[in-house]
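Trainee: Chain residues, written in single-letter form:
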Amino acid sequence: SQQGEEDPQALSIQEGENATMNCSYKTSINNLQWYRQNSGRGLVHLILIRSNEREKHSGRLRVTLDTSKKSSSLLITASRAADTASYFCARAPQGGSEKLVFGKGTKLTVNP
Amino acid sequence: DAGITQSPRHKVTETGTPVTLRCHQTENHRYMYWYRQDPGHGLRLIHYSYGVKDTDKGEVSDGYSVSRSKTEDFLLTLESATSSQTSVYFCAISNPAGRGGILETQYFGPGTRLLVL
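Just so you know, the protein sequences line up as chains A and B, in that order. Under the working numbering, residues 1 to 112 are what the first sequence spells out, in order. Under the working numbering, residues 1 to 117 are what the second sequence spells out, in order.
Derived from the structure by calculation, the hints contain no laboratory data. One should not assume that every hint holds.
[Claimed, not checked] Distance condition first, Cα-Cα at most 27 Å in a straight line; then the derived DSSO-like pairs of lysine-lysine:
#1 A:Lys26 / A:Lys107
#2 A:Lys56 / A:Lys26
#3 A:Lys69 / A:Lys26
#4 A:Lys26 / B:Lys57
#5 A:Lys70 / A:Lys56
#6 A:Lys99 / A:Lys26
#7 A:Lys99 / B:Lys53
#8 B:Lys57 / A:Lys99
#9 A:Lys69 / A:Lys107
#10 B:Lys70 / B:Lys53
#11 A:Lys99 / B:Lys70
#12 A:Lys70 / A:Lys107
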């Protein structure tokens, strides 16, 4: 499969704790993106990190990229019940592909 | 979901009937995509369009056809619906960035829940 692989598949934490989700892939990329999907809704873009970047921040989100290991991590700090959602990584393959490749997602539950 | 609508939002149909789903955008984005989402499979690309009347297949295109006669509309047709096509269908739009058309952010519609009995 060309899909990226997220782990864990499911994660349950308490409010206030940090949540870390990982994404691995097999082929070179131009960029890697993270999306959130609330139950019954469409995906929403969170953050994009380019292949020449190692870390990006957006509010309580921190994304890292290690191209040598072909992996990325999404860290949500000080989680809230409203962060409960599924999180997907999607990679833009190197070479000008017109298609993003999505992983199967991590289902995050933040308990109040 | 701003700027992207999908219709219908819910549909129940019978096996063997044709079904057409519509995606409409007001963002003037060049690329439009149709995905299906099923438990255990994540998001899988059905077809996409890179311009008016320019379309190409994704990884699960069998049993589906698409048309794009104008920038803002992308139609997905199930010629003869089967129970295996019961799914949630998402439309997405995007504009490539820079030389080589490097993909940037995709924006998703709210989805269409299709049940084929």
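Trainee: Determine for every hint whether it applies to the structure shown.
Mentor: Here is how each hint holds up against the structure:
1. A:Lys26 / A:Lys107: 22 Å, holds
2. A:Lys56 / A:Lys26: It holds: about 22 Å lies between the C-alpha atoms, which stays within 27 Å.
3. A:Lys69 / A:Lys26: It holds: about 9 Å lies between the C-alpha atoms, which stays within 27 Å.
4. A:Lys26 / B:Lys57: The hint holds at about 22 Å.
5. A:Lys70 / A:Lys56: 16 Å, holds
6. A:Lys99 / A:Lys26: Holds: A:Lys99 and A:Lys26 sit about 15 Å apart, inside 27 Å.
7. A:Lys99 / B:Lys53: Holds, at about 18 Å.
8. B:Lys57 / A:Lys99: 10 Å, holds
9. A:Lys69 / A:Lys107: The hint holds at about 23 Å.
10. B:Lys70 / B:Lys53: With a Cα-Cα distance of about 8 Å, the restraint between B:Lys70 and B:Lys53 holds, given a limit of 27 Å.
11. A:Lys99 / B:Lys70: 21 Å, holds
12. A:Lys70 / A:Lys107: OK: A:Lys70 and A:Lys107 at ~22 Å, within 27 Å.
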